[in-house]
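Top to bottom, those sequences are chains A and B. Using the working numbering, read the first sequence as starting at 339 and increasing by one per residue. Using the working numbering, read the second sequence as starting at 820 and increasing by one per residue.
Simulated from the structure, these hints should not be mistaken for lab results. Some hints could be false.
Claimed, not checked - Taking lysine to aspartate or glutamate and the EDC-like style, the derived pairs with C-alpha atoms no more than 16 angstroms apart in a straight line are:
| id | chain 1 | residue 1 | chain 2 | residue 2 |
| --- | --- | --- | --- | --- |
| 1 | A | K519 | B | D877 |
| 2 | B | K866 | A | E513 |
| 3 | A | K519 | B | E885 |
Unchecked claim - Among chain A residues calculated to face chain B with C-beta under 10 angstroms, some are:
| id | residue |
| --- | --- |
| 4 | V410 |
| 5 | D425 |
| 6 | R428 |
| 7 | G429 |
| 8 | T446 |
| 9 | Q449 |
| 10 | S516 |
| 11 | C554 |
| 12 | K566 |
Virtual Cβ for every residue (Gly too), placed ideally from N, Cα, C.
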Amino acid sequence: MNKKIFIALPLILVFCGSAPSQTGVKKKRPLPYEYGRVIIDNYSDKANLAPVVFEHWIHRSMFTCRVCHVDVGFAMKAGATGITAADNARGYYCGTCHNGKNVVDGKTVFQACSRKVNLEDEKRCVRCHSYGQKVASDFDFFKFSQPLPKERFGNGLDWEKSEELGLIKPASFLEGVSSSKGNAFVVQKDFALNPKVEGMPDIIFSHKKHTVWNGCELCHPDIFMGVKRGTVKYSMVDIS
Amino acid sequence: MFNAKFKATIVTVLLFIGLVGLCSVRAMGGPQSSAAQAEPAKETWQKEFDDVCSKTQDAMTFSQKELTDLIRRCDALQPQIEKLDESRKKVYMGRLRKCRGLYVYVLDAKRNEKK
Chain A
339 MNKKIFIALP
349 LILVFCGSAP
359 SQTGVKKKRP
369 LPYEYGRVII
379 DNYSDKANLA
389 PVVFEHWIHR
399 SMFTCRVCHV
409 DVGFAMKAGA
419 TGITAADNAR
429 GYYCGTCHNG
439 KNVVDGKTVF
449 QACSRKVNLE
459 DEKRCVRCHS
469 YGQKVASDFD
479 FFKFSQPLPK
489 ERFGNGLDWE
499 KSEELGLIKP
509 ASFLEGVSSS
519 KGNAFVVQKD
529 FALNPKVEGM
539 PDIIFSHKKH
549 TVWNGCELCH
559 PDIFMGVKRG
569 TVKYSMVDIS
Chain B
820 MFNAKFKATI
830 VTVLLFIGLV
840 GLCSVRAMGG
850 PQSSAAQAEP
860 AKETWQKEFD
870 DVCSKTQDAM
880 TFSQKELTDL
890 IRRCDALQPQ
900 IEKLDESRKK
910 VYMGRLRKCR
920 GLYVYVLDAK
930 RNEKK
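Generate coordinates for the entire structure from the input sequences, incorporating the hints supplied.
Quick look at the structure:
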């Protein structure tokens, strides 16, 4: 009898312990400086390089969404762009700005990738190919975020207010790359969406807020494809 | 004296022939460097791309006829972009797809409004 209990008890404990992890998997909420970070590992492994760690917040503070996701051509989904070193070396994707020529705040922006690599270049490679490695960054999130108004989600920063206050000045045009100058022309009004959950207030969608940074083609039709409001349903799971 | 005059006439005639020859070769579209030939072709599609896709922010203000015309111009650009090198093709095909997609989306929305 005692022997049976000794065998059954650990089995019950193992089962009970593993059950929650199989059913309710809670996604770890990224820390403010991690939010938007992308680990790019399409071809790095084949080149015996560590995957690229892309810090979204640094670039977010300098450019509107449209510049990178429409004009430069980065996909909205991590890993979907299929960036190659050759693309960068030819002056596309990362190489659009990281070309060893652009000067930002008095500093020359380092070149992303080059066709021939020497020993000196290897130090440059690890600036991006830094996953799992200790690489010192020129940018400090805490120092950067200190004067900016705070928010609850994302990077924990109110980016919109930051721009209104003139604390950040994201560029909306890249010479020789962007097709159109200036911000989006707002013709669509804000609207409200009724959530399915009872007691939940309406979702107010502001076209004004979104078009200023995104333009129109970043969202339509790739993300929001329905032409008639409310015909395409989005769940919280889709969003997360 | 005679010799100097003769030499000057020959030089003038040769210069004239050279100039005429040069002009006729250019007019016929004769030999040029490959870079000079490639440059205008590149600029033509790029200018057309910039012109077509710089209007996306005003898409809602266009009539159905104007939107249809923009979509047609996007379609005409596609085979030209497909001929580009791998990197440019990847970037500009993506941009063209987004730009065309928006015009189609707005056109559909306008048609839907009328129903």
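List, from low to high, the hint numbers that the structure doesn't satisfy. 3, 8, 9
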